[in-house]
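As you go down the protein sequences, you meet chains D and C in turn. Each residue of the first sequence is one higher than the last, beginning at 1 in this note's numbering. Each residue of the second sequence is one higher than the last, beginning at 1 in this note's numbering.
Hints in this document: simulated from the structure, not taken from any laboratory. One or more hints might be untrue.
[Unchecked claim] If you only want the chain D side, here are some residues facing chain C, beta carbon under 10 angstroms, derived:
no., residue
1, PRO21
2, ARG28
3, ASN124
4, ARG134
We treat Cβ as the ideally placed atom computed from N, Cα and C, and that holds for glycine.
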Amino acid sequence: MAEESLPASRITRYHFPFGIPAFEQITRFRLVENPSWAPLAMLESESDPPVGFACAPVRLLMPGYILELSEEEKQALGGADDAAGLILLAILTFRADGPPTANLLAPVVLNPAAGVGLQSVQANLSYSPVHPIRREPPCS
Amino acid sequence: MFVIRRKLGQSIRIGDHIIVEVLDATPNRVKLGIHAPAEVRVARTEVLLAESQNREAAGTAAADALARLARQLRAHGDRAGSAPPASGVRGSEPPSRTS
């Protein structure tokens, strides 16, 4: 994602003890926040070759979103008892044949204080893995 | 779809090597024990959905598409009076509850 004209990015590294679904072997990621992409961010693996995911804040897409964490997930996140201090992101899929979509079924949960993250697959199937993001025509 | 009623502690057998047992049941949740050969993958449906979606999402975001969508989201946030926090992804904590 590097681009010469972009302003400096803030990079935060996270350990994903379980990897993420389909990429369980990748346990080191970094969150790249660039002012040009705000409020979006890139979650990039530190593997070779790297794997990158565009992400958006879940609450921006669905303000009333309710996250359910298992006890195992809470422990993995450093004993988080509630969502305070956690970052919740939806992985985006950009499509050639339609608007981008967000995976609300399996949000990425980051605990910056502990440097730990995971992808929490929710049991609530009313949260879509392909939640459409409205694409508006560019301003003239 | 094949439908069968079972009580706590009872089980069903699928083929010669897979046994599904009802370990616990509440009005809202059923706990199942599954005996299956190691080569048979057992997974929650939503995990398979997440895997499929992650494979599809990986590497799909070009920098220009990302910036374009970001501009749209910022504009929408400004119009709605709920512009995203300056730090971007932070401050986006939803309510949480224990499953």
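Structure-based check of all given hints:
no. : hint   : result
1   : PRO21  : holds (4 angstroms)
2   : ARG28  : violated (16 angstroms)
3   : ASN124 : holds (9 angstroms)
4   : ARG134 : holds (8 angstroms)
Consistency with the previously given hints fails for number 2 only.
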